[in-house]
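Participant: Here the protein sequences come in this chain order: A and B.
Anchor point for the first sequence: position 128 equals 128 in this note's numbering, and the numbering is continuous, going up by one each time.
Anchor point for the second sequence: position 286 equals 534 in this note's numbering, and the numbering is continuous, going up by one each time.
None of these hints come from the bench; they were simulated from the model.
Don't take every hint at face value.
[What the hints assert, rightly or not] When the alpha-carbon atoms are kept at most 16 Å apart in a straight line, the in silico EDC-like pairs for lysine to aspartate or glutamate are as follows:
#	chain 1	residue 1	chain 2	residue 2
1	A	167	A	30
2	A	217	A	30
3	B	570	A	73
4	A	153	A	91
5	A	225	A	25
6	B	570	A	76
From a predicted model like this one, the values you see are computed outputs, not experimental measurements.
What follows is each chain in one-letter form.
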Amino acid sequence: MLKINSLNASVDEGSKPILKGLSLEIPAGEVHAIMGPNGAGKSTLSYVLTGRDGYEVTGGSAALNGDDLLSMEPEERAAAGLFLSFQYPLEIPGVPSMTFLRTALNAQLKARGEDELGAPEFLKKARAIAAQLKIKPDMLRRPLNVGFSGGEKKRMEIFQMMMLEPKCIIMDETDSGLDVDALRIVADGVNALRAQDRSMLIITHYQRLLDYIVPDKVHVLVDGKIVASGDAGFAKKLEAEGYDAYVA
Amino acid sequence: MTLMSRNMPKARDMSEGEMAIGFPLPHRRNEAWKWTDVRAFVPGNAAGISQEANPQFTASEEVKISRGDGHKGEGQMAKLAHYFAGESWNFYVAAGLKSATLDIENIARGHSHIAIMVDKGASLSMVEHHRAGSNSFANIDLQIHIAAGASLTRTIIHDDPADVTRISTACIAMEDDARLEQYTLSFGAGLTRFETRVHGEGENISAVINGTYLIDEKRHCDMTSHIELSAPNAHIRQAVKGVVTGKARGVFQGKFHVLQAAQLTDAEMRHDALMLSDSCEIRSKPELEIYADDVACAHGNTIGQLDEQALFYMRQRGIPVKAARALLTQAFVADVFDDMDDEDLRADILAKITTWLEA
């Protein structure tokens, strides 16, 4: 379970507060969505949780299954089970997708004190998942995300999730830049990842994605904190009525 | 031969190194050496500074080895090499002989003069291992001739202690249809320069002149090249990549000199470098001097840092920051060696780069 308590965070060396006492609990097995207007702090939340440079935590806590996330390096948070699907996945020139992923997976296993995966087992697992996501083997040999379309990059993010099997997944605007077919493939992948021991947080501008990935709870984030919460139907209401009622 | 020259500085102006050999050394007021000041760097007690070197050779049976009076190079360092090295080492691959190989090892302290002739239609693959003991001075003058239709693959692997001075100068003459592929991997030295001077005298020559330098601490690596083309249809590709950290200094000087007769030249020069620390340094001077009117010549030069966003992305996937940096850096330099035919040698080079990055 992901537990965030009164989280405060700033950018610009502490001079600009973005998160202002954000509290949120996502029990294992649940999918929550966060919606909100531009500038509310949605992407900041994902970066603060994953430990990106340039964000300063000024108060509060965040823990994944009891482990204090905020005291860890980004790679330690990943090994603890935190996965961020980026709004714009980065291109990694010169590093084949498979090399990248095998390095990542084995680094995580090693950090957790588990046995690393040998090349044959890794390949077997990768091929099976690639087939499920309709990813061509050729794509896995190419440098990660280099020259991939928006849809291919998002599919690659899902591929990575399925390979790394994280305990908590944050999806930052996963639907941006996807056509309906790509959206369906991505949503199917995410739905397949729903599990009893996994929490998911979907950050989105639009309700559209939530037609495909039906959340257990929907939260509204305005000016750095959660101001309202509801069930899946709440997202439809927000889409119809806008955020005006929640903006101070 | 006299060592005195009109350029000889007055005794009171000589450096310790110059006193030790009685001969002027290149220094920063010589335009071609402005970033690689041998005079200022070489200590008077450098091992081998006034001795002949003792290189070791392993050659296939196609290579004839002799000692003698090989073709002499130009310039101060070449003169020094000829004076102290005595006779040259001569290597000859007779016309038509294919797949000849030559490994040169122990190019350590002292001066070497090496002359190589690959005769018509022959092919030679040579590997130079440059490595010396602490506080050494090494100066190598290589005179290479690639005859019509012949080909040479030259691979240089260089790894010296941080107080060594090493200057290697290769003059490579190419006749009609000659081919050259050169790959250099250097981890630098206290002061090091790999200079390649190509004289494209024949038509339709092709040359790949690639290299990478990875240097840390206070090391210095200079990759200088001068490609002079005097006949039509030359095809030249040059890609040099640098990775510099600590207080190291990387130098790239590249020049394409295309004479009027060298019409239809197709030449491209690239130098791309990563600066991984605040106090490292890169000096770069790409030059094109073109007198022919129907040519395609280009040069590009970039200096940058590792992409912080890409690093964060990799760390978010669980790759520790050091490994992420190594992976990105390796990817940056590795493509310089993509077209090497010798897969084992290429793998060996990439492994050396990995070891350096993970150290």
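Participant: If a hint holds in the structure, say so; if it doesn't, say that too.
Facilitator: Quick rundown of the hints versus the structure:
1. 167(A) <-> 30(A): 11 Å, holds
2. 217(A) <-> 30(A): Holds. Residue 217(A) to residue 30(A) sits at ~8 Å (cutoff 16 Å).
3. 570(B) <-> 73(A): Holds - the C-alpha atoms of residue 73(A) and residue 570(B) are around 12 Å apart, at most 16 Å.
4. 153(A) <-> 91(A): Between residue 153(A) and residue 91(A) the Cα gap is close to 9 Å, so the pair holds against 16 Å.
5. 225(A) <-> 25(A): 13 Å, holds
6. 570(B) <-> 76(A): It holds: about 13 Å lies between the C-alpha atoms, which stays within 16 Å.
Hint violations for this structure: none, all hints satisfied.
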